[in-house]
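Colleague: Here are the chains, one letter per residue:
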Amino acid sequence: MALELGPELADVALQAEEVSGPTLENEGAAALAVGLAALAAGYAERGIGAAAVGAMAEDDDMFVPGLIMTVLPETLVILALVVVFIV
Amino acid sequence: MSVGASNPEYVNARVRSRRASLFADEDYRKLIRMGPSGIARFMEESEYEREINELGARFSGVDLIEYALNRNLAKHFQDLLDWSDGRLYDLIARYLRKFDVWNLKTIIRGIYTETDPEEIRTDLIMAGELDEATIDRLLEVDEIEDAIEVLNRTIYYEPLTEAYEEFEETGALVPLENALDREFYEHLLDDLSRGPIAEPQEGPEAKYVEFLQAEIDFRNARNALRLARSGADLDPASYYIEGGVLFDQSELSRLVNDYDALVDHIGENKRYGKRLSGAMDRLRNADSLIQFEHALDAALLEYADTLSSIYPASISAVLSYILAKEREVENIRAIARGREVGLEESEIEEELVIL
Chain A
1 MALELGPELA
11 DVALQAEEVS
21 GPTLENEGAA
31 ALAVGLAALA
41 AGYAERGIGA
51 AAVGAMAEDD
61 DMFVPGLIMT
71 VLPETLVILA
81 LVVVFIV
Chain E
1 MSVGASNPEY
11 VNARVRSRRA
21 SLFADEDYRK
31 LIRMGPSGIA
41 RFMEESEYER
51 EINELGARFS
61 GVDLIEYALN
71 RNLAKHFQDL
81 LDWSDGRLYD
91 LIARYLRKFD
101 VWNLKTIIRG
111 IYTETDPEEI
121 RTDLIMAGEL
131 DEATIDRLLE
141 VDEIEDAIEV
151 LNRTIYYEPL
161 TEAYEEFEET
171 GALVPLENAL
181 DREFYEHLLD
191 DLSRGPIAEP
201 QEGPEAKYVE
211 FLQAEIDFRN
221 ARNALRLARS
231 GADLDPASYY
241 IEGGVLFDQS
251 ELSRLVNDYD
261 ALVDHIGENK
271 RYGKRLSGAM
281 DRLRNADSLI
291 QFEHALDAAL
301 LEYADTLSSI
311 YPASISAVLS
321 YILAKEREVE
331 NIRAIARGRE
341 VGLEESEIEE
351 ELVIL
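Protein sequences, first through last, are from chains A and E. Per UniProt numbering, residue 1 is the first one in the first sequence, and the count goes up by one each step. Per UniProt numbering, residue 1 is the first one in the second sequence, and the count goes up by one each step.
Honestly, the hints are just simulated from the structure, not real lab data. For clarity, every value in this text was computed on a predicted model and none was experimentally measured. Careful, some of the hints might be misleading.
[Unchecked claim] Calculated cross-link-like contacts (lysine to aspartate or glutamate; reagent style EDC-like; alpha-carbon spacing at most 20 Å): (1) E:Lys30 - E:Asp260; (2) E:Lys325 - A:Glu58; (3) E:Lys75 - A:Glu58; (4) E:Lys105 - E:Glu140; (5) E:Lys98 - E:Glu330; (6) E:Lys30 - E:Glu47; (7) E:Lys75 - E:Glu44; (8) E:Lys75 - A:Asp59; (9) E:Lys325 - E:Asp25.
[As the list claims (entries may be wrong)] One-sided excerpt, in silico: chain A residues whose CB lies under 10 Å from chain E: (10) Leu39; (11) Ala41; (12) Arg46; (13) Gly47; (14) Ile48; (15) Ala51; (16) Gly54; (17) Ala55; (18) Asp59.
[As the list claims (entries may be wrong)] FRET-style restraints, in silico, Cβ to Cβ: (19) A:Leu72 - E:Gln249: 21 to 31 Å; (20) E:Glu140 - A:Pro65: 43 to 53 Å; (21) E:Arg271 - A:Leu79: 45 to 55 Å; (22) A:Val53 - E:Gly273: 24 to 34 Å; (23) A:Ala33 - E:Gly86: 31 to 41 Å; (24) A:Leu72 - E:Asp248: 50 to 60 Å; (25) A:Gly42 - E:Ser346: 36 to 46 Å; (26) A:Val82 - E:Gly273: 53 to 63 Å; (27) E:Ala206 - A:Leu24: 40 to 50 Å; (28) A:Glu58 - E:Thr154: 27 to 37 Å.
Where is the CB? At the ideal position from N, CA and C, for every residue including glycine.
Using the sequences and the hints given, assemble the complete structure.
Modeller: If you want it as structure tokens, here you go:
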């Protein structure tokens, strides 16, 4: 049975592919790249933010350095955003 | 044991800032030349301002310094426990239980000598895991047996109950105190090290385990040397603490009877031999046990220093701070007491543990 159906199944599969095209267009891939970069930045900021708040709690003067350090990983997202303009 | 994510970044940032406000070596040199009131004034202008002001009306002189130090220590360590979560809390609390043990010993001694509860309270260091309510209840009871009953459901209950029988027979507090000490040290390595194979091999926890093992080893070494020196007829096995790498129980029992072999055994150990070589020479030539004990403390402090500079987001920096703070409190106390009894500056300097 399976052997007889084989060629027909392949036909169906081939047809389906012709209709849908690639699963991910360039724009979609770029969007995914930005999203992943933002996720990574968030993860990096988690640790830095915790440490910055700790430092601020001990010494108020640490507010500005703490803030700057905390947002540094944001550059990841900005760089990833370049991809959106390239595609 | 608490569950959930731990937050080493936050605790580390705060701890590092507090570590920076510890006294430096030059400060000690200044303090050595001052009298008790001078030291109190110096402390008032530093970290200890609040404690000195709070206690200034009630105490004076060396007592004021001592109580201010204890209270400041308790404040900082309680903060550590407040900040930390999850695994980190677990690791910190494990070490800070040492103050629980100290408090329990003080309370038991207080009950034994029928001291006034308020007087006992001034000697407590509220830095451990036991909460204030439990301590309050402990201070209210009149019998040691009732005190043990209050501790029901803490880790100290079982060992104390066992030791209590011996206490009833002999009337000496030693079995109770030993039971507390052993309970503390044996819980230190709970679920961190089950034999050499299950130990973490590298990373911050491996360092933590190594440090705790050093602490246990040094404690064993100290007890063994004291026993060997005094020639007291005590069973060394009852003082032996498990978990170290320097001795096992039978080795210790054998070595206590032979002082030279004991010293050689410590000197030949590959983990500590080099670190303690200077102190070992001094121990062999002159026989100053105190000098050797200071060398042990300094070796521990050296461990702590390495800990502070590796593995930034972990327990190691916190542990290093705890040790540095303890050492500071001990040093200031030594200076104050030394000045009070009129020791020479150089004599006091020998008593201090500085690198």
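Colleague: Take the C-alpha atoms of lysine 105 of chain E and glutamate 140 of chain E, compute the straight-line distance between them, and say whether it is at most 20 Å.
Modeller: At roughly 15 Å apart (the allowed maximum being 20 Å), glutamate 140 of chain E and lysine 105 of chain E satisfy the hint.
Colleague: With respect to the beta-carbon atoms only, verify the hint that arginine 271 of chain E and leucine 79 of chain A lie 45 to 55 Å apart.
Modeller: 48 Å, holds
Colleague: Holds or violated: 36 to 46 Å for the Cβ distance of glycine 42 of chain A and serine 346 of chain E?
Modeller: Violated: the Cβ-Cβ distance is about 58 Å, outside 36 to 46 Å.
Colleague: If you take the shortest Cβ to Cβ gap from alanine 41 of chain A to chain E, is it below 10 Å?
Modeller: Not OK, violated: alanine 41 of chain A not within 10 Å of chain E, min 16 Å.
Colleague: Has the given pair, lysine 30 of chain E with aspartate 260 of chain E, been kept, meaning a C-alpha gap of at most 20 Å?
Modeller: At roughly 40 Å apart (the allowed maximum being 20 Å), aspartate 260 of chain E and lysine 30 of chain E break the hint.
Colleague: Please test the hint of 43 to 53 Å on the beta carbon pair from glutamate 140 of chain E and proline 65 of chain A.
Modeller: Given range 43 to 53 Å: holds, Cβ gap about 50 Å.
Colleague: Range first: 27 to 37 Å. Now tell me if the beta carbons of glutamate 58 of chain A and threonine 154 of chain E are that far apart.
Modeller: 32 Å, holds
Colleague: Can the hint on aspartate 59 of chain A be confirmed by a CB-to-CB distance to chain E that is less than 10 Å?
Modeller: 6 Å, holds
Colleague: Against the 20 Å threshold, does the CA-CA distance of lysine 75 of chain E and glutamate 44 of chain E hold or violate the hint?
Modeller: At roughly 16 Å apart (the allowed maximum being 20 Å), glutamate 44 of chain E and lysine 75 of chain E satisfy the hint.
Colleague: Per the CB criterion, is arginine 46 of chain A less than 10 Å away from chain E?
Modeller: Hint holds; arginine 46 of chain A Cβ to chain E Cβ min 8 Å, cut 10 Å.
Colleague: Has the hinted range 31 to 41 Å been met by the Cβ atoms of alanine 33 of chain A and glycine 86 of chain E?
Modeller: Between alanine 33 of chain A and glycine 86 of chain E, where Cβ atoms are some 33 Å apart, the hint holds.
Colleague: CB of valine 53 of chain A to CB of glycine 273 of chain E, is that within 24 to 34 Å?
Modeller: 44 Å, violated
Hints 1, 10, 11, 19, 22 and 25, counting from the list given before, are not met by this structure.
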